[in-house]
Amino acid sequence: MRYLSAVDDSISKTMGFFQKLKDRLGRTQNKLVHEIKRIVTRSPKLTADSAEELEAALLSADFGMTMTLRIIEATRKAYESKGKGEFDFVKVAADEVERALSSGDPSLLDQGDDLTVISMVGVNGTGKTTTCAKLANRLKLQGKTVGMAACDTFRAAAIDQLKVWSERLDVPLTMGDYGADPAAVAHDAVSSALSKNSDYLLIDTAGRLHTKHNLMQELQKVHRVMGKKLEGAPHETLLVLDATTGMNALNQAREFNKAVPLTGLVITKLDGTSKAGMVVAIQNELKIPVKFIGVGEQPDDLQPFVAREFAHAIFGLDE
Amino acid sequence: MFESLSGKLQGVFKDLRGLGKISESNVSESLREVRLALLDADVNFKVAKQFIANVREKAIGEKVIQSIHPGQQIIKIINDELVELLGSQNAELKLDAKPSSMMMVGLHGAGKTTSSGKLAKWLMKQGRKPLLVAADVYRPAAMDQLEALGKQMNIPTVVRRGEKDVLVIAREAKREAAERECDVLIFDTAGRLQIDEVLVQELVRLRDDIKPQEILLVLDAATGQEAVNVATHFDEALDISGAILTKLDGDARGGAALSLKSVTGKPIKFAGAGEKLEDFEPFHPERMATRILGMGDVVSLVEKAAENVDMDEARKLEEKMRKGVFTLDDFLDQLRQMKRLGPLESIVKMLPGGADMVGGADLSKHEKEFRRMEAMICAMTPEERNRPQILNAKRRQRIAKGSGVRVAELNNLMNRFGQMQKMMRKMGKMQKMMGKMGGKMASKMAGRMGAGFRMR
Chain A
1 MRYLSAVDDS ISKTMGFFQK LKDRLGRTQN KLVHEIKRIV TRSPKLTADS AEELEAALLS
61 ADFGMTMTLR IIEATRKAYE SKGKGEFDFV KVAADEVERA LSSGDPSLLD QGDDLTVISM
121 VGVNGTGKTT TCAKLANRLK LQGKTVGMAA CDTFRAAAID QLKVWSERLD VPLTMGDYGA
181 DPAAVAHDAV SSALSKNSDY LLIDTAGRLH TKHNLMQELQ KVHRVMGKKL EGAPHETLLV
241 LDATTGMNAL NQAREFNKAV PLTGLVITKL DGTSKAGMVV AIQNELKIPV KFIGVGEQPD
301 DLQPFVAREF AHAIFGLDE
Chain B
1001 MFESLSGKLQ GVFKDLRGLG KISESNVSES LREVRLALLD ADVNFKVAKQ FIANVREKAI
1061 GEKVIQSIHP GQQIIKIIND ELVELLGSQN AELKLDAKPS SMMMVGLHGA GKTTSSGKLA
1121 KWLMKQGRKP LLVAADVYRP AAMDQLEALG KQMNIPTVVR RGEKDVLVIA REAKREAAER
1181 ECDVLIFDTA GRLQIDEVLV QELVRLRDDI KPQEILLVLD AATGQEAVNV ATHFDEALDI
1241 SGAILTKLDG DARGGAALSL KSVTGKPIKF AGAGEKLEDF EPFHPERMAT RILGMGDVVS
1301 LVEKAAENVD MDEARKLEEK MRKGVFTLDD FLDQLRQMKR LGPLESIVKM LPGGADMVGG
1361 ADLSKHEKEF RRMEAMICAM TPEERNRPQI LNAKRRQRIA KGSGVRVAEL NNLMNRFGQM
1421 QKMMRKMGKM QKMMGKMGGK MASKMAGRMG AGFRMR
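If you read the sequences in order, they're chains A and B.
Residue 107 in our numbering sits at position 107 of the first sequence, with consecutive numbering throughout.
Residue 1113 in our numbering sits at position 113 of the second sequence, with consecutive numbering throughout.
It should be emphasised that the hints constitute simulated quantities derived from the structure, not laboratory data.
Since this is a predicted model, take the numbers as computed values, not measurements.
Just so you know, not all the hints are guaranteed correct.
[As the list claims (entries may be wrong)] Straight-line C-alpha distance at most 25 Å; calculated PhoX-like pairs for lysine-lysine:
1) A/Lys221 <-> B/Lys1339
2) A/Lys212 <-> B/Lys1094
3) B/Lys1368 <-> A/Lys258
4) A/Lys163 <-> B/Lys1164
5) B/Lys1129 <-> A/Lys212
6) B/Lys1129 <-> B/Lys1094
7) B/Lys1151 <-> A/Lys163
8) B/Lys1151 <-> B/Lys1164
9) A/Lys140 <-> A/Lys163
10) B/Lys1365 <-> A/Lys258
11) B/Lys1098 <-> A/Lys221
12) B/Lys1151 <-> A/Lys221
13) B/Lys1339 <-> A/Lys212
14) A/Lys258 <-> B/Lys1151
15) A/Lys212 <-> B/Lys1164
16) B/Lys1429 <-> A/Lys221
[As the list claims (entries may be wrong)] To be clear about the criterion: a stretch of chain B counts as covered by chain A if any three or more of its residues have a C-beta under 8 Å from a C-beta of chain A, and this derived list gives those stretches:
17) 1032 to 1045
18) 1155 to 1165
19) 1252 to 1258
Here a beta-carbon is modelled for each residue, glycine too, at the ideal position from N, C-alpha and C.
Chain A on its own, in the form it takes in the complex (with noise of 0.2 Å):
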């Protein structure tokens, strides 16, 4: 097996990945600095008090408290080994960040000339469909062949709409009736892909609360039928996150996890002034590496995730 390289891939060097990852963060990523700034400007020392507004800082950017206790232990830490001369505050911040979002490998599997499955999964609205669509566009473009499965038989106007995203970026998909049973869908999906040769077929599936059992249990099912049809598949299975999601985001990527081992997470509308200091969280808790960021509403604003470009961007430290 071969792996897709992140970090040395071509599109994102063209694209300036990291001034537009840090433009689009930087919106509040600013108020965010500031804040601590100030907090250390004008208590240099780890007070009690500076602590705890470090704390309030920190779980206003959706860290959690086990990520932003850590973070602030690390500082004390390094505040007492190194003293206050040398003491950067956010630079000691962004590296426990950094650390925290290193775990396991951020590059989508290659298996070169076998077929290689990639479902993406949900709660409702986290944008899943737009994903799939961009991620085959990213995939077309670095010359490999694709299809898509509208395995979203449920919302309306949820096959229409990634067909309107087949037909613009011109990616053969899979599709039934609305209503239609999702698991057949995938299955002929895999069929269709593995007598065209595909290198990737991507799997849009339904949104779903993770507390909904059912649900869960039709997600399971989904990805036996694919299992049986190709030995492994789904190889990928990517838990698609809404950035101003809270803390709630790790009790999906739990149930989730729970449910169909996930293989990792892209997190969309990054856009925003959201942080997604939850992301920390998650990989911190159950080891998932981020593998894509949507930062956009274009078809290449889906980019490959890097834990240091990312934990930079949050704090607005130049690279």
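Given the coordinates of chain A, work out where chain B should sit on it, guided by the hints.
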């Protein structure tokens, strides 16, 4: 670390309950925990801070310290404060114009189109004639989605595919509303970021044109700290009249609701809680507060039970229990009714302290066990179900074989069933005794239960 807010608060309350008298320092300690719990539930940190300050002020008052049960009093203060923060009553829709218009706005994927459909259905039930207007000119197939929803409910929908100007669509909608004599127009607008000036201005132009009675911000219940930014920006640009909280059927604690209410002051008018178009109802602040405070969502549980459990059957069963003639058939019925309520885990979580109880335990194992019990009972003849004492070794072997279990497992089930029967007989006797002793008390309890039902 990330257990639910209710679990955390319950931990705090346990501490508080144990206290004889409340000192300033242990209140502070407990309230810090409450604050962290609120933050964990995505309540904005400023809102949480204010909340804590209010509670502290009230808690350290003289009255509390002198009271006999200071812990309980603090719980009440927190609850009251929470209800107040969430809005103490649900706000009605303004529908005084003919026709009235409502605008649905919000971020991408918050659930605007689905909520538009649900709102239309709700209004129709209220005797209105709604008209759906597809004003999302950006997302592929968004218009198809609304049209499909309209068709499902037989509600007319204005769809102008390819039209990029929302004002043109608005004009057509007004014309069509007059033609069809519709009295409420629901505009489903495109999702947009609150900081996207160009797109937000488009909404302002639409608002100025249609002069809606209601501008409803649709917000995902799982939204994090960002909820404050979203609410503030949309409110500043459009002066929203209220909000719809969606995806409440998930397990998000809904801290976003607290944040939204306290930074904009605008009421949350509706809650979306399900995949079906009927899963939409006026927002109940007191219910939400109770749920957050870990008193369990008993009201929802009762509702769920009422939906799924046949009341007649339940009454018959109760009668049988009282008389102590509980057979395996009745047991089977019970198992099946429980299954209809959904996975065990979600039921237990609705009970007070349930989330704590479940913890990390995997309840699906028990569910599997239930399924095996069902299979074993199904493998028995009616005679055997009525008189289990006739189960001899041969019969047992047959049943075990028929249901795919080992005889030991069947024996285990029978032993447990025997114990259950015994307990029920005892309970039946006790109830009879209680009935003679304190009829008053029982009627009081029944009155309370009735109040619970009325809350629906």
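Here is what the structure says about each hint:
no., hint, in the structure
1, A/Lys221 <-> B/Lys1339, "holds, 20 Å"
2, A/Lys212 <-> B/Lys1094, "violated, 34 Å"
3, B/Lys1368 <-> A/Lys258, "holds, 17 Å"
4, A/Lys163 <-> B/Lys1164, "holds, 20 Å"
5, B/Lys1129 <-> A/Lys212, "violated, 33 Å"
6, B/Lys1129 <-> B/Lys1094, "holds, 15 Å"
7, B/Lys1151 <-> A/Lys163, "holds, 21 Å"
8, B/Lys1151 <-> B/Lys1164, "holds, 23 Å"
9, A/Lys140 <-> A/Lys163, "holds, 17 Å"
10, B/Lys1365 <-> A/Lys258, "holds, 14 Å"
11, B/Lys1098 <-> A/Lys221, "violated, 50 Å"
12, B/Lys1151 <-> A/Lys221, "violated, 30 Å"
13, B/Lys1339 <-> A/Lys212, "holds, 14 Å"
14, A/Lys258 <-> B/Lys1151, "violated, 37 Å"
15, A/Lys212 <-> B/Lys1164, "violated, 37 Å"
16, B/Lys1429 <-> A/Lys221, "violated, 49 Å"
17, 1032 to 1045, "holds (count 7)"
18, 1155 to 1165, "violated (count 0)"
19, 1252 to 1258, "holds (count 4)"
Hints 2, 5, 11, 12, 14, 15, 16, 18 from the earlier list are contradicted by this structure; the remaining hints agree with it.
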